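Student: Read off the chains here:
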Amino acid sequence: MSRLDINIRRLKAQRACLNRAAELIARLPGPILELGLGNGRTYHHLREIMPEREIFVFEREVAAHPDCIPDDDHLFLGDIRDTLPAAARRFAGQIALVHADVGSANLARDARLASFIAAHLPTLLRPGGVVAADRDAGFAEARTLELPDGVAPGVYFLFARAPASGEAAVKAARSGAGS
Amino acid sequence: MSRLDSVIRRLQAQRACLEHAAALVPELPGPVFELGLGHGRTFDHLREICPEREIFVFDRQLAATAECAPDADHLILGDIRETLPRAARRFPKAVALIHSDIGTGDARRNACLAACVAAHLPALLCPGGIVVSDQDLAHDGSTRLALPEGVGAGRYFMNRAS
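Protein chains in written order, with our numbering: chain A, 314 to 492; chain B, 117 to 278.
Just so you know, the hints here were simulated from the structure itself, not pulled from any lab data.
Possibly wrong hints are sitting among the right ones.
As the list claims (entries may be wrong) - Restraint ranges, calculated between C-beta atoms of paired labels, are given here:
hint: 1; chain 1: B; residue 1: R125; chain 2: A; residue 2: D462; range: 26 to 32 angstroms
hint: 2; chain 1: B; residue 1: C232; chain 2: A; residue 2: T457; range: 48 to 54 angstroms
hint: 3; chain 1: B; residue 1: I171; chain 2: A; residue 2: A432; range: 34 to 40 angstroms
hint: 4; chain 1: A; residue 1: A432; chain 2: B; residue 2: E183; range: 46 to 52 angstroms
hint: 5; chain 1: B; residue 1: I171; chain 2: A; residue 2: G406; range: 52 to 58 angstroms
hint: 6; chain 1: A; residue 1: S428; chain 2: B; residue 2: A269; range: 55 to 61 angstroms
hint: 7; chain 1: B; residue 1: D222; chain 2: A; residue 2: G406; range: 22 to 28 angstroms
hint: 8; chain 1: A; residue 1: A424; chain 2: B; residue 2: G244; range: 46 to 52 angstroms
Unchecked claim - Not everything, but these chain B residues come out facing chain A in the computed CB check (under 10 angstroms):
hint: 9; residue: L162
hint: 10; residue: R163
hint: 11; residue: L178
hint: 12; residue: G221
As the list claims (entries may be wrong) - To give an idea of the interface, some chain A residues facing chain B are shown, with a C-beta separation under 10 angstroms as derived from the structure:
hint: 13; residue: R316
hint: 14; residue: Q327
hint: 15; residue: R328
hint: 16; residue: Y356
hint: 17; residue: A418
The structure displayed is predicted, hence computed values, not measured ones.
Note that beta-carbon positions come from the ideal geometry of N, C-alpha and C, so glycine has one too.
Build out the structure end to end from the sequences listed, making use of the hints.
Tutor: Below is the structure:
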């Protein structure tokens, strides 16, 4: 498998996982976080498949195509180690989807970054909220989701924050109100 | 169509055309030229599908990692408007396959560069040699080849030297 094959496989997996994530959160309110803008292709795709969602982008340095750059109110510019904790305070429990495309050629660095991101996901995500990532950003309370057809395990990752306790609480509150 | 959709479509077209071209030139001796190395992904693909061929890579500067770059003897650095005519003297009508992916966001620059590359193709390609490219590189005596299935017209180009 050549680097061209690997790149095509990765981009197709990314697209399939984002499309699946969009279906999964269709009934879940809340904004999207795009961690890593790069050239802006996946941000462009997210906007296209979820035109009504607010999308916040995290990037150290913007280098995207001009039509793939969010406005200043939706851009967290800087080191994600500073910006993500700040976002976690602002959006605690509200985020419907996090897409993290952090991969570089440095696997050790990627693993550290993925676990840093994973540590903030339980705070950020709404119950049932979804994470699509190019690295294993699983966290203790995460449920690993089945990958779309054609996506090989390890090429991309899909997780959800378990809805159980949240849903149970809502149901309990509803049944309490109804009785 | 998002930019993600369009890059996937472009890379798949590129791969399909390279594989189609490689399958069309097995009888032709001669090296392969890769114009524009970039990250080295298509170079890596070319050496995988043409393992017995010598591949010469042309680029202005080296930006790929060592894993996806040719050795120094097969890397020709510099402005293609100078390096290509030199290569034509070294490999006159001897090149079996040329892949040219030198397009940027600048349409006028792309057209100039494409015209320059096309002008050197008759001197470079062996009879029946093929040029696969992101811009149309039809040249003197060339025949436009049908694109492989699934590749939309205008997405990639294949021309064969007479």
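Student: What are the numbers of the hints that this structure violates, sorted from low to high?
Tutor: 1, 3, 4, 6, 7 and 11
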